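> Chain residues, written in single-letter form:
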Amino acid sequence: MAINMKMQEWNPLGYKALYKELFKRHLARQEELLKRGRPVGWFFSFHPSELIYVFDLVSAFPEQYSAYCAARGSSTDLIDVSLSMGYGHFLCDYFKTTIGSIVKPEKATPPTMPKPDFIIGSRGLCIAHCEMADVFARFNKVPFYIVNYPYWTRYMIGRHDGFTKVPEKIDETYFEYCVESLKGLIDFLEGITGEKMSEDKFKDVFRVAEDTSKLLVEIIHLMMSKPTPGSQREICDLVFVAFFALGSTYAYDFAREAYNLIRDKVKNGVGVVPNERYRLLTFGIMPWHSLTLYEYCERLGATFPVNLYVNESVHLVEADKPFESMVRRTIHFTNADYEMIYDVVEGVKEADLDGAILFENTGCRVTSMIIKPLADILEEELGIPSLIIEAPQCDPRIMSLDRAKMQIEAFLETLK
Amino acid sequence: MCSKRISNDAKRNKRKNTMPDHLYSFFLTKSKILEYKKAGRKIIGTLCNSVPEEIIHSLGAVPTRLLGLSKTTENADLKLPRWLCSYARRILEDGLRGDLNYLDGVVGITSDDTKMRLYSTYTFYVKNNFSYIIQMPYVRSENSLKFFSMELERFAHKLSNHLLCDFNRDRLKESIKIYNKFRLLCKEVCGLRVNDTPKICGADWMKIMLGSISTLKEDFNKIVEDELESLKDSEGIKDYKLRVHISGTDFYDVELLQLIESLGAIIVSDDLCTATGYFSGFVNEGEEPFEDLAERYLSCSACTFTAHPNVSLIKDRIGFIKKEIERSKADAIIILRDKGCEIYGWQCSSIMEELQDFPILLLDIDTPISLEQYKTRIEAFIESYGD
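Residue numbers (this note's numbering), protein chains in the order written: chain A, 2 to 417; chain B, 459 to 845.
If we strip away everything but chain B, and leave its shape as in the complex, we get (with noise of 0.2 Å):
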């Protein structure tokens, strides 16, 4: 088994593209961000994929999506309950240490318990110039979009007050162009996912998008254009056993991703918060941006917290994990489920029961990260409904 990965990483490697690696070193080193810093731009965090990241990017401000790079998180836990998720853990540990000192900002979000409550947390341990929690509604109705448009509205004016500059709507309309862009690049890229011999690895996508909010999104469109048509050229891989799907929220460490791909699993679909759930779903390019982003963030089916009135909220995910599974004829799941996520914990039962027909793999994750551990369950997953 041990040769024949050895073999297998490195067929892979002989055709490997640069650019996730390129694009990953930006979230390992933060580099692009410091650059920007350099240059005077104010750096904001964002707490969650629901931040509407357009109104901080029309301000001039650089949005970054906050995700810890602690491996382990003895000062967040002093702070924090330790069964609380490791997204929570590592983000506050992160700003303990003073790794997160070239932030200009925190954006929250009221989109679940937790959350809510790590940006309290995180702003009253951690001091920032400037902090805000966007009120996000948690029934999708014709109220709700009403107010979620003034909310964000108001938002983009505390932060436009703060940064000393004018709030400027055909600006915001020009940065909902550039994410939308993103998001169709991204689409593309996400697409090459899917063929019988998929351009890209699961470990590989998750580069990318880890580079993604790290990165001014004007630049990552840039750097993809420039490699999308050599990656859409490249041979693809053939070496895999089983194409797997990948469920989860905010998970985003490679090394697993990679030991998946390592035994013979090739990822050729997620839903995860941090991956496919952070770029699906465009915003409107209409004369009411507010309006257009609030429908966007609303309604995102990728994300799992807010309902239709007297409409179960997991249908919407569940649709939208079966359509992601449905077109890259995925074989069999693995879910990650971070043993303190309140929104895995709360869906897991009905996802793995609406998914019953596929092969599953539920591994329960906690940091640190103990690769050895998931191992044998992985290899022995994919011998059994592998090729």
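In isolation and in its complexed conformation, chain A is listed as follows (with noise of 0.2 Å):
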């Protein structure tokens, strides 16, 4: 460690609590369900997640899963089931991790997903999803639903807000088609329960939704507050919030406690360490492996008020438009041709960044295709430099923590 790097006392918002209770109600909701015969899905990123809750489903996520398998060790096991059965090495790891999972229980760390009724693939974010949905429904023997979305365009959408994903506008084509897909697969989910969907509860779990959805934008705006608030270590798990809890009320709890959390260190201009030395923006998928090295740069004084994967997952909804708010969740730069970066960055220049640090999600084409574009946008509309680091979200073995500690130091030293 360079010398004039100490390491600094480390004061998070606090939210670790406050996830224990939103995950112990998250779980709870779901052995209720169990109980009550209720039918299984599985869900990806970027799918509605509010008919979840509108139609009492138990939910799993594979995504969340393997994050979980590999924050406790099991992932580099059922990766190597995987490719043992042929799949190739650059394939998503929550796939591959999934995947051996499905083959290999035995070898994933319990307790595993139930096992699915039916699976829900959605186009929000990669083919991939829909890819997965495939292969999981048919080693599970189990019917699967696609949700169409296009890969959004200026032309399309115009510009866009890269917080509340609000564009200027959707071509009516576009926007059709998407809804159609849609109402598919509210069909499809009333084939499944058996039952027609209720509309009230429809517009219930989209008031929620919206509230939660409000403080969601607030809290990552917050976070570029001067000094940093808040550290990545507990904002990244934001996603699970904003992608798949969205519409329930237990969402809705975290999202007002973790809003006052923020409010009050922002109000009072505490920071999560006492001397912020740098701000960093980050993005691509969190190496869950790893997730330590956040803490690690903060405590040397670099601070991240900016986590654009985070920022990816959260979208403002508005309950009186509830299929225009699904199709919105879609859009966001990792979904859409690379204009679309510039307004991202632009939204971020009050952060006041000072540089960079990417994740390069080997064997994930849409956050790794999308790095040097977008570290080369952020040199050329922000001044700002990036390190960027070979990541793959739930493989440790290709990203060694001390080398990208060496590198995150040596990286941090050029800075100003």
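Derived from the structure by calculation, the hints contain no laboratory data. These numbers were taken from a predicted model, which means no experiment stands behind them. Quick reminder that beta carbons are idealized off the backbone N, C-alpha and C, glycines included. Where hints are given, some of them may not hold.
[Claimed, not checked] Derived EDC-like pairs: lysine to aspartate or glutamate, alpha-carbon spacing no greater than 20 Å straight-line: (1) B/Lys-604 to A/Glu-177; (2) B/Lys-585 to A/Asp-377; (3) A/Lys-184 to A/Asp-321; (4) A/Lys-142 to B/Glu-811; (5) A/Lys-373 to B/Glu-600; (6) A/Lys-184 to B/Asp-774; (7) B/Lys-797 to A/Glu-382; (8) B/Lys-616 to A/Glu-173; (9) B/Lys-604 to A/Glu-173; (10) A/Lys-105 to B/Glu-811; (11) B/Lys-797 to A/Asp-81; (12) B/Lys-604 to A/Glu-181; (13) A/Lys-406 to A/Asp-81; (14) B/Lys-585 to A/Glu-340; (15) B/Lys-616 to A/Asp-172; (16) A/Lys-142 to B/Asp-479; (17) A/Lys-170 to A/Glu-191; (18) A/Lys-142 to B/Glu-600; (19) A/Lys-373 to B/Asp-535; (20) B/Lys-616 to A/Glu-340; (21) B/Lys-639 to B/Glu-753; (22) B/Lys-604 to A/Asp-172; (23) B/Lys-585 to A/Glu-381; (24) B/Lys-585 to A/Glu-382; (25) B/Lys-495 to B/Asp-562; (26) B/Lys-585 to B/Asp-562.
[Claimed, not checked] Short derived list, chain B residues pointing at chain A, Cβ under 10 Å: (27) Leu-542; (28) Ala-546; (29) Arg-575; (30) Thr-581; (31) Tyr-583; (32) Val-584; (33) Pro-595; (34) Ser-599; (35) Glu-609; (36) Ile-772; (37) Gln-805.
[Said to hold, decoys possible] Partial list, computed: chain A residues near chain B (C-beta under 10 Å): (38) Leu-92; (39) Ile-342; (40) Val-367.
With the hints as a guide, bring the two chains together.
Here it is, written out as structure tokens:
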């Protein structure tokens, strides 16, 4: 470690207890619904999570489960299982980990996901989600449904807000196609549950989702305050709330408390570390096996007021426009032509950034292919340099934590 | 072994038809494309088989499927992950080196994650006068078909605006006819591979197909028509040990196919996007050309990325491969899996499982191709399963 980089006292927001309560309530709901014999669905990020609560479905998330296995050390064995089956090495870690857990559950960290009755794929981020839905459905011998969305371009939506994801416009042809696809999903879920969707419940859930989403948007805005109020160690788990639990009352309760905590810290001018030296942007799926890396950086005085991956998970829901809100969820720069990166970078100008640490997630085409254009735009628009670290999200063998720390220290020394 | 190989090559060369090399030279030198350009035609590069070339053709422009010729990718590797498929890296490399400066526009399609972002990366770093990404639905359904048809029409109008020419429905129908004729001729030539004494080897078939992406289809059709009879009358190849089907995606390195055949195999069929997958599937010649195009491009079984609702997408692909193998009476399969190919990464496991009755050799491919590395394995495979 460089001589002038002393480790500092670390003051996180205190979200740990909130997450614990959130997961406790989430699991209690699952248990209760399983007892009632409600159907189990597997879902992916950027799917319309509100419908899980409208239909009282038991939900499981291969991505979140893979992250859980990565944090607990079983993902490497599961990835090896998938490779031995003939799946490509350079595929999504979430896929490789999940398929390993399906074929060799004894190697997976318990509790494993409940067996699905159906699977929902979505083109809201990547085709890999659709391919995963297909493969998982085949292995579990259950039906699946794919929600189609476009790969957004400037001429379809104009400019967009990187926090709320509200675009200038949505071209009617594409909007209607998405809405049809979402209505097809509702039909599919009605078929699975054997019940007509309750319009009242639909409205109620979207009202809760709207209130929650407003708080989440505020939280990611407040993170850009000076000094940076929170740690990415705790902010990174917001993706669970935004991707998978939006629409639930426990997500709302979490967001309200989380907002209060960050608001108070900002009001009192308290940062995650006493002496903030570098303000960094980060992007890429978090390396779930090595989350301590964020804390390490922060203790060195390098904080992260912006995590674009977390920001991408958040969007503004408007209860009186439920379908438009579900479509907006997919309007983010990771599902769009690269011109959209400029909108996002414009939005984080106020964060007064010094540099960026970008994670190239091996096997994830969506996040990895965008990394270098993003680095170039950050340089061009904000004049800041980027450090790119190869970091598969579930396979620590490719990313040595010590090597990453050395790279980061060297990078920090080059900053102003 | 070496002397036998030389002797095999000599025999094959003796009866060699010159058409494959002639067409292949168009691919390597871009001579035809540059000729069209000189004559005032606009050249539009496409990033996937699923871009309906008929639309570009009907507007008087020349569609050409982009396949990078760079053997190394040092510039592209600074812009794309190194583990990505060589198909994407080589196209970007060509673009960055200025080798694609003859293009007047680029058209992509949302057919897989790599190709979507390749379009964005390419247009971000290599500026073109015109670029468009066609929104292809992932699911085959009535609703998707309707949407895709509208999307194709939108693309036609965007391109016609750029080219400053009016879109004409009849001209599109005419282009569909030309492309269907192309497909019919390809089917005929491809059919000559399946005899007991195949009239054309796999490497030559690939050369013909690569020539086809570098030529206007009407010119290609004429060349093939002129040569077809003599090809049919040729003696055919007898001196092989093993009939092989080649499976893969955007593979186009003729040298590797030549190596396989020089070691005693004959490639009698394939499911490559760059060969049999490129021409398979006719377009209905009806009154609604956009609907007809949408139908063909959305339901092409040779392709790998669209699915019927609730039906596994791999089933169609495997069905297509099985049909090709049955037709060609191949005895073994060689899989050419680009190590970074997402499509084959997903599907390889299922394909190998479904075709487990056949001997299979799986070769992981990367650029630059190291022929020596593959030689031992191919030789051993042919010796194990050949006559």
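> Report holds or violated for the interface hint on B/Leu-542, using the least CB-CB distance to chain A and a cut-off of 10 Å.
7 Å, holds
> Just to be careful: measuring from the Cβ of A/Ile-342 to every Cβ in chain B, is the smallest value less than 10 Å?
At about 9 Å, which falls below the 10 Å cut-off, the nearest Cβ of chain B leaves the hint on A/Ile-342 intact, so it holds.
> Holds or violated: A/Lys-142 with B/Glu-600, Cα cutoff 20 Å?
Roughly 25 Å separates the two Cα atoms, so the pair is violated.
> Has the given pair, B/Lys-604 with A/Asp-172, been kept, meaning a C-alpha gap of at most 20 Å?
Roughly 16 Å between the alpha carbons, so the hint for B/Lys-604 and A/Asp-172 holds.
> Is the straight-line distance between the alpha-carbon of A/Lys-184 and that of B/Asp-774 20 Å or less?
26 Å, violated
> Against chain A, is B/Pro-595 within 10 Å by beta-carbon distance?
This interface hint holds because 5 Å falls under the 10 Å limit.
> Under the criterion that the straight-line Cα-Cα distance not exceed 20 Å, is the pair A/Lys-170, A/Glu-191 satisfied?
31 Å, violated
> Can the restraint linking B/Lys-585 and B/Asp-562 be considered satisfied, given a maximum Cα separation of 20 Å?
10 Å, holds
> Taking 20 Å as the top limit, are the C-alpha atoms of B/Lys-585 and A/Asp-377 close enough?
Holds - the C-alpha atoms of A/Asp-377 and B/Lys-585 are around 15 Å apart, at most 20 Å.
> Are the Cα positions of B/Lys-585 and A/Glu-381 separated by 20 Å at most?
Cα-Cα ~17 Å, so holds.
> Compare the distance between the alpha carbons of B/Lys-585 and A/Glu-340 with 20 Å, and conclude whether the hinted pair is satisfied.
13 Å, holds
> Does B/Glu-609 hold up as a contact with chain A if the rule is Cβ-Cβ below 10 Å?
Nearest chain A Cβ about 8 Å off; hint holds.
Hints 5, 6, 7, 13, 16, 17, 18, 32, counting from the list given before, are not met by this structure.
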